[in-house]
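Visitor: In order, the protein sequences belong to chains C and P.
Taken in order, the first sequence gives residues 5 to 193; the numbers are from our numbering.
Taken in order, the second sequence gives residues 17 to 655; the numbers are from our numbering.
Think of the hints as simulated: they come from the structure by calculation, not from any bench.
Treat each hint with caution, since some may be false.
Short derived list, chain P residues pointing at chain C, Cβ under 8 Å [unchecked claim]: (1) ASN60; (2) GLU86; (3) LYS198; (4) LEU202; (5) GLN428; (6) ASN582.
Pulled from the structure, derived: some chain P residues nowhere near chain C, Cβ distances all over 10 Å [said to hold, decoys possible]: (7) GLY143; (8) TYR220; (9) GLY457; (10) LEU560.
Glycine included, every Cβ here is placed at the ideal spot set by N, Cα and C.
Listed below are the residues making up each chain.
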Amino acid sequence: MWARLILSLALLGLVGGGTPSESRAQSAAQQGPVREYQLKAVFVFHFTQFADWLPGAFADPQAPLVIGILGDNPFGSYLDDAVRGEQVNNRPIVVQHYRKLSDVKACHILFIAQSESDHMRQILDDLRGRNILTVSDADGFAAQGGMIQFLTEKNKIRLRINADAAKAADVTISSKLLRSAEIVTSGRE
Amino acid sequence: MGLLIRALGIAGLAIIATDAFAQHGAQTTQDDALKSMSMEELMNVEVTLVSKRPERLADAASAIQVITQEDIRRSGASTLPEALRLASNLMVAQFNAHDWAITARGFNGVPLSNNSLADKLLVMIDGRSIYTPLFAGVFWDVQGVVLDDIDRIEVVSGPGGALWGANAVNGVINIVTKSARKTQGLYATAAAGTLLEDMAAVRYGSHVGDSLFYRVYAQRYDGYSSNLPHGGDAKDDWRMTQSGFRMDYQPSDANALTFQGDAYLGSEGGPAGVLVNGQNVLGRWTHTYSVESDVTVQLYIDHTYRNFTIQSLRDAVTTYDLDAQHRFALGERHRLLWGGNIRFARDAVNNVPTFLIVPPRRTLQLFSGFVQDEIGVVPDRVNVTLGTKLEHNTYSGLEIQPSARLAWTLTQRQTVWMAISRAVRAPSRFDADLVAPGLGGLAGNPDFAAEKVVAYELGYRVQPVDNVSVSLATFTNRYTDLRSIDVVGGSSPSSLPFQFANDQRGTSSGVELSTNAQLTPRWRIRGGYTYFEKRLRPTSANVLPVSADVEGNDPRNQLLLQSIMNLPGHTQFDVVTRYVDSLPNYPVPQYVTSDARLGWEHRAFEFSVVGRNLWRRRQQEFGITAIPRSVYGKITVRR
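Just need the whole structure built from these sequences, with the hints factored in.
Guide: Below, the structure is given as structure tokens:
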């Protein structure tokens with residue numbers, strides 16, 4: 005019992021070396037390997053708290069915040085697991101799946117799967133002017149006018165944010181999120 | 017007794033329930049731990065990558081270029097060889113309306129009937145080898161892939177390592193089609209124009225449950241004739257009808273099955289007057305043990321038939337091919353890959369007096385095994401790949417093909433690589449079994465040996481800024497036992513004056529530069545420059561001087577530039593421009609030409625107009641016939 009307590013304290017970075025964030029990262033890994041899309045799902049969940057939409061984006065104060073996945077769902081059940089039972093500003097979070105862009109109706113965060121990379125520019129063109137936060141891990145996403153791009157480097161996830169694109173779509177991204185990301189502007193990276 | 021079973025049953029259920037609960041519990045606490053972290057903390061979590069081969073293109077220790085689906089679609093290509101023009105490390109020349117000379121690093125030989133003698137390339141469509149054992153080259157006219165089905169085309173110039181199959185002497189072209197999961201719904205396209213007469217393709221994809229996906233397609237292509245050098249009909253118009261299917265079934269995370277097949281039927285006018293048909297089926301099973309380990313077993317049967325009607329020379333080939341490979345990690349640093357392949361190619365030739373293959377029926381056997389070890393000498397920095405392939409073929413027996421490759425990742429954005437490899441081209445029916453009074457009295461050589469190369473390569477890849485990548489590859493190839501035509505003066509078994517022998521050797525060297533740059537969010541360019549030179553010399557006094565010219569007619573300089581631009585209002589404007597230096601032996605002057613595409617793509621619809629060979633009225637590329645300037649319009653629906 006005592007041994008376990010000391011171990012968990014150590015893992016939390018209260019005892020022993022390492023920066024707190026590294027130690028906590030290890031503690032998550034202690035419970036088995038963290039899958040790429042499990043982690044990305046948690047990132048997407050966090051985006052719900054770090055972005056703001058126009059007042060008209062929600063039909064009423066209780067309307068859910070919709071996270072959409074366009075194309076082949078790479079998350080399995082990770083995204084559903086990450087948002088289950090969670091609320092943002094008293095709104096429930098729901099996950100919806102879309103096969104094609106015309107299915108996307110009321111949606112706040114749209115994750116565009118790599119299966120759509122061939123038509124990415126077309127998709128982003130069609131989304132232009134809609135109050136939706138676009139997210140993807142497709143290559144060159146932010147450069148093409150997507151808002152948040154996941155990059156994987158040395159098995160870690162980084163974010164690249166195209167702040168201009170978000171501004172153009174009237175999606176406000178909090179400075180907290182911007183601070184932790186690499187900021188790019190359309191056209192020049 | 018009954019009670020015992022019930023008790024065991026309940027206990028079993030309890031165990032399963034506890035297990036499921038425990039698993040779900042672990043998952044939830046891990047999720048909770050992740051969710052309570054800040055952004056910075058999340059960025060420190062290491063993940064296991066889902067992709068089987070985490071190897072990035074930038075880290076590969078070979079001169080590999082990839083043509084993507086978008087590159088093809090935006091180029092205005094309407095056939096597979098046209099799409100291959102987009103790889104700047106290939107030498108592609110259109111011979112007539114339907115035939116092509118395609119090679120990497122030289123050796124596009126002079127036209128044989130209606131094909132080039134290029135015989136040093138391994139070409140595969142979804143793992144099915146498509147070069148013919150008749151002369152070790154590819155009949156490009158019958159490779160009618162629906163271009164929209166292509167996921168990507170990987171083009172490796174230089175010997176393929178132990179990984180690839182036979183014939184990968186100067187390069188490998190690997191055409192990979194999309195999984196059926198990616199082609200769901202309806203796709204229909206139709207085109208008409210001045211050289212491309214008309215073309216139509218329909219594809220439909222659907223699924224049964226969540227694990228079985230399939231597609232079926234049918235395609236028709238009608239092409240007008242090309243021109244004679246100074247105008248006039250070259251009478252090489254052609255028609256090709258093809259249909260096929262692909263099924264992808266993933267009953268569990270660990271098992272994936274693919275089953276696919278195609279059948280085609282076609283005819284070609286002109287002096288060569290050809291009737292063709294072919295059928296193939298392929299099955300592949302992959303069992304995944306872990307991220308680092310899997311087994312793949314693949315079997316295919318391929319039948320091709322070709323009737324050169326004018327001479328009533330006919331050739332039918334049936335190929336049976338079984339391939340297996342196993343990948344696993346040994347310790348922290350070693351990634352092993354080993355496997356084996358058995359191939360039987362049975363052919364039957366209907367000979368004519370001027371051109372015979374003797375014996376007319378033969379079964380060629382190919383047995384091969386390979387092993388490769390990728391060693392992380394300095395993890396994430398220096399990788400050494402050692403491998404060898406042992407191959408046994410009907411004509412020349414056992415051949416050993418080792419290779420050593422090194423990739424040194426200087427920074428995340430820079431890689432230096434080098435390689436030394438040996439590869440052989442096994443003799444073909446043409447080399448060994450030919451008796452051709454019609455070709456000036458030329459006979460094959462039953463003792464023909466494999467042609468051999470030792471290739472030295474050095475390359476550098478850099479990503480100077482995020483959206484620009486540049487790749488440079490240099491090589492020197494030393495060939496021995498190259499094919500020659502020797503003067504034997506009737507002493508050959510068939511008492512013809514000339515006979516094939518292995519009496520040439522030589523050196524080739526070159527530079528391949530390629531780049532891909534997203535200049536603005538709406539404008540991307542890609543392209544490359546290739547420099548090539550080769551020198552062959554006879555090793556016997558009997559060699560006919562023309563031998564060197566027969567083996568290759570290759571340009572010294574080649575330039576490619578593809579521009580892909582999105583304009584406002586869903587409009588697209590794309591241009592492919594290429595420069596090809598003059599061909600030395602069978603003289604074709606240097607030329608520059610462009611294809612341009614204007615497209616409009618919105619939701620389910622795509623309209624485009626493509627102009628080709630825009631610089632001149634007609635353009636000779638290889639041999640006598642000239643390819644006229646042309647235009648076509650195309651409409652596509654995706655639902």
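Visitor: Taking the hints in turn, state whether each one holds.
Guide: Evaluation of the provided hints:
At a threshold of 8 Å, the smallest CB-CB gap from P/ASN60 to chain C is about 4 Å, leaving the interface hint in force. At its closest, the beta carbon of P/GLU86 sits 6 Å from a beta carbon of chain C; the interface hint therefore holds under the 8 Å criterion. For P/LYS198, the interface hint holds, since its Cβ comes within 8 Å of a Cβ in chain C; the closest pair sits about 6 Å apart. For the restraint placing P/LEU202 at the interface with chain C, the shortest Cβ-Cβ distance is roughly 12 Å, beyond the 8 Å limit, so the hint is violated.
Interface restraint check: P/GLN428 against chain C, minimum CB-CB distance 7 Å, threshold 8 Å, status holds. Restraint check, P/ASN582 versus chain C: the minimum CB separation of about 6 Å is within 8 Å; hint holds. Distance to chain C confirms P/GLY143 as a non-interface residue, since its nearest Cβ pair spans about 22 Å, more than 10 Å. Remark: the non-interface label on P/TYR220 is consistent with the geometry, its nearest Cβ contact in chain C lying 15 Å away (cut-off 10 Å).
No Cβ of chain C comes within 10 Å of the Cβ of P/GLY457; the nearest lies about 54 Å off, and the non-interface call holds. For P/LEU560, the non-interface assignment is confirmed: its Cβ lies about 51 Å from the closest Cβ of chain C, beyond the 10 Å cut-off.
Of the numbered hints stated above, the single one contradicted by the structure is hint 4.
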